[in-house]
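Here's the letter readout for the chains.
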Amino acid sequence: MCSLALFPPPLPSGQTTLCESNNELLSRTSTEDLHKQESSPLSLYFPRESLKLHSRTESSSKAAFLDHSETLWMRSAAAWRDGGFTGLLNEITNSHAEVPPWLSVSSGCILALLRKVSSFHGSLFPHLTLSSEDMIAEFSQVLNWSDCVVRAFAWHPHTDKFAVALLDDSIKIYNPKSTTTPTLKHRLQRSVAAVQWKPLCASALAVACQNCLLVWHVDPCSLSTRPSSGCAQVLSHPGHSPVTSIAWSPSGSLLVSASPMDTAMMVWDVALESCVPLQRVGGGGVSFLSWSPDGSHVLASTPSALFRVWETRMWTCERWPCVKGRCQSGCWSPDGSRLLFTVQGEMVIYALTFTDAPAGVTTCTSKGPQAAAAVADLSETTFNTPDGDIIVGGEIQSLCWDPTGERLAVLLKGDPQAADRPAIIAVFKTRTSPIFELLPCGFVQGEPGEEPRLMQFHPNFQHGAQLTVCWSSGIITHVPFYFLSAGVPHLGLSGSPSLPRPQARPADFANQSLFTELIS
Amino acid sequence: MSAHDDMFSAEQSCWFVRKVICWRAAASVAWAVLLLPPITAAFVILSRFNLLHPIQTISECLSLLTSASAVFSLILLCGVILVVGFLNLEYYTVIPTIACSKIALLGQLLHPRQLLNSLVHSIMGMIVAWCCAINIGGRYETLGYPCPQSDGSDGSPQMCLNEYHLALLLAGAFVGFSHSLLGVIHNMNYVSFHTVQQYKYLRFKGSLPLVVKCSATQALYSIRNYIVVYFFLGYIPKAWLCKTLNLDSNSSAHPLDSIAGLLDLTLLYHMWISASFLLFTWHITLLLFRIFVTEVYSFPVQSSFTEDAHQCLSKVLADKQPMILKFLALQDLALLSQHSPSRRGEVFSLSQPGGHPHNWNAISRECLSLLTDLTQRLVIYHDTVATNGRAKSLSTGSERRTSSETSAQRVPLTAPFTPDLDSPFASPALRRLTAPVEQCSPWFGTVQSPHVMRRVPKLWSTSTDSQVNGSPQSSPASVPSPKQEASKPSLLAQFLQNRKEQLPEASSQALFADSQAHIWALEGLSYLVQASFSEDQFGVVQTTLPSILSSMLVLQEAVDRHFKLPHASSKPVRSSGSMGDSTHKTLRFALRATLKTAIYRITTTFGDHLKAIQMSAEHRKRLQQFLEYKE
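Same order as they appear, the protein sequences are chains A and B.
Numbering of the first sequence is given in the numbering used here, commencing with residue 408 and proceeding in unit increments.
Numbering of the second sequence is given in the numbering used here, commencing with residue 4 and proceeding in unit increments.
If you are wondering where the hints come from, they were derived from the structure by calculation, not from laboratory data.
The beta carbon of each residue, even a glycine, is placed where N, CA and C say it ideally should be.
Possibly wrong hints are sitting among the right ones.
Said to hold, decoys possible - Partial chain A-side listing against chain B, Cβ under 8 Å, derived:
hint	residue
1	C608
2	P627
3	G659
Please model the complete structure; the sequences and the hints are all you need to start from.
Structure, rendered in structure tokens:
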């Protein structure tokens, strides 16, 4: 089992990670990098001040108007419209001067009863008492989501474009081959928790919003910088909000969405705009989804100490209860056979191995492993650096596995209060043969005072892997890892995806072990 | 089975309908019957529940449920479920019938087959309502009761009409009738296939809350409409019954067709819960039927025995009838191409003596012919619209103005009602009121869009697969010839002109009504081509790859052109609260998305190798767009 003690020490303050080359992470000092930043077209900087934040909230406009005395009926109707049944009860209870006393008393009693019941329900599932913003922040894969300038990021699975969701609820699409950067805004696009491009499609972008799910169709040839909201499909289902996680099937046909408030996970046929709720009680909701790259399984973690692994042929699931906390993050190996996940409150990466059913046998239940194996220990480790001791390790915010399956990035939460415990990205090398193991690669660090918030690997980087990191300052950088991959199909095509992996992996592990043995 | 095709194909369709579909239908009905006792028990408890005496209620209910009358009513209900199941099997279709104008919809509603259906549903509704009356008991139990005021002046006490019983029975008949009408409007007989495969039990469990919800809401609306009808017309059946059965109407009790009588909350509750019970049992039967019929059927890719050869996937795909067989075969093809490497291997295999890729050839030929068929349909439609579109829209515009004046003068009563004809909550009573006006026109069925004209035989005959199910096919002679009523024909013509083409999306929907087949064909082909990159040892796919790509690209062009037409890309309003499946309304979007994904699937797999394929310059340009992810 790999641990952080085997890692090379973090860089001294003032140095940032540049890339991995010849099996070591290269760095540069932050003074020389300004012109380099600009030379890379995809490195972006979103200053917090430049974003125009709207301060509108739904209820705030009420105070600006004079109090107008309406009849009880009007107020009741308005309360019913705005607040539903509880709003109506509230209104009746509050206007006890106008209604008969028995009505106000009984509605007060019903209200109290409802509150008792909901607080009991909330005591079973504490997350249900959170507001939807807090809930997104709690279950998002982004570190400290509510304070993030870049709230979500998604590479297109086949081309070099990406979408960035910003703090002001707009989404920008950057394409190095095009000068236009479309900005997507929609009335319903609030508190974006996740964005993802549809595979095998040039234009469709799914956005998980506070109240609904939006699917934008952004024509790549269009010169428009502000696509109209008519380009967005709104998918919503009663009770299914806020949406905190979405995942497209790798074949591009289905989209699953999850909300911690809803025990059902929705499987959408986006074009038909129809959804199938997959309801399982237990867990109190679904917080995080991840579809395996081969399309056979979906990881669905719940806010409780339980996660499920669905197989996507007949949509049955395996329950995986955890001991300590909920499953915080997870990622799949490129062939879909291995799942790495982390549990809240533990500092360990676990692995689950799924073996395919033998060919020709149409068993629909996936026969998985019996228990998860711990593959890496990320407990706190102290490194001595010239700037003093730095403690690295602790709980894990998110995991990211590159499409070739050779680099694993782990975003460690750190401690925002303590200066010597920064949030940091630890990168592992992964090896599948002879046994699956993680080997240390190094830490990815940014400018002083910045912490990583969000990371994603480029889906088809030609020369190894490329990690895109969104920093707390609003900067997006790309850290390439140059290596020769054993698994890349040598098709010699530009823009060819890693999706179909036709050739069986050649047993060409000589390169790989050469690299890894140098360090370990 | 109508003996129309040649014997061989009739025999083939026989085996599937006989061996699979009938058994599936029977299984679904059996489950519905098994579910009936618990549903009835729930109904009895809900209908008799008394908050003040809960224990007494339950004991009463238990004793009632074991009584002879309850058992008899249960048997009757089972009979009703059997009939409903039979009607489901008889009327179901995998290709929805889409009315392109309001007149066509009216034609569907007044079709003799549909009238028969409505009649049967009304009778069954009345039977269920009678069972409900028995189960609720109390004042609903019998049709007649001894009059309170006639204290045996002569030997036999005078019997009075129990209006509560009558109202409940009529409510059942009305709900049954409106259920069958709504079935036509919402295409409730359309069986759609789900993209997400689930086990039958889980699917049933998942859709149960929806069924409960929509039964309750539909019951609410039906009862609302019923009350209106009963308020105005309730005296007719009452007087008729009193006359024929020689009953007295009790003058001392409140008559129910008055405002005071209908404001009886208990009565309303009982009517509503009876209607909900009725609709719930029928919807459950329908739901089970849909779930069982659409279950995946795995066809053998090739058979080693010649007598089973007609059951092979390649043979079954080529069958025209029954449609359900073709659909299930295409579904199986789409699934095997995605999930089953061993069955894909069989598709790519060569025949043992001879070395011909018969399986692949047959499958790809069939899928390609489906795609070509759709392309041609789209091109023809586009040409029709392009030639008539402009002139027609001008004329309708001018006529609409005149007709709105004339209709306002002539038929002030119907004018406010007619726009609601297809609204789900429009009262069927109003619908019936408006019906005669349109029916008695000499232009009935002739004033239709060119597209509808081409579909006329389909509108009046039954849909394709119901013929195969052995229904009596209505011959053209049995088409109700509209009465020639020469009163003010020009006004009526203009009125009808106004009514036609009022469902602008509908022609687009109708064009893509069977697109589920095309979607599967596209998925199947593209997944097979993708798999062939690594799995096809003999290169059988390579030979057809150019034609697959070109037919997909041609279709893509046709679809793109179609979506540029007005109304084609407008999204339909989603109605969620009904059992009718509205997926057919968005099938064209699904087809467009699947088509793009299918082309991308091939281009991403083969990449620049596609440049070696022979194709026209235009297609190459188009393909290049896909290779650069610019579509």
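- prompt: Against chain B, is A/G659 within 8 Å by beta-carbon distance?
  reply: OK, holds: A/G659 within 8 Å of chain B, min 5 Å.
message: Holds or violated: the hint that A/C608 contacts chain B, with Cβ atoms closer than 8 Å.
response: Holds, about 6 Å.
task: Mind checking the CB of A/P627 against every CB in chain B and telling me if the closest is under 8 Å?
output: Holds - the Cβ of A/P627 comes within 8 Å of chain B, reaching about 5 Å at its closest.
The structure fails none of the hints (numbered hints given earlier).
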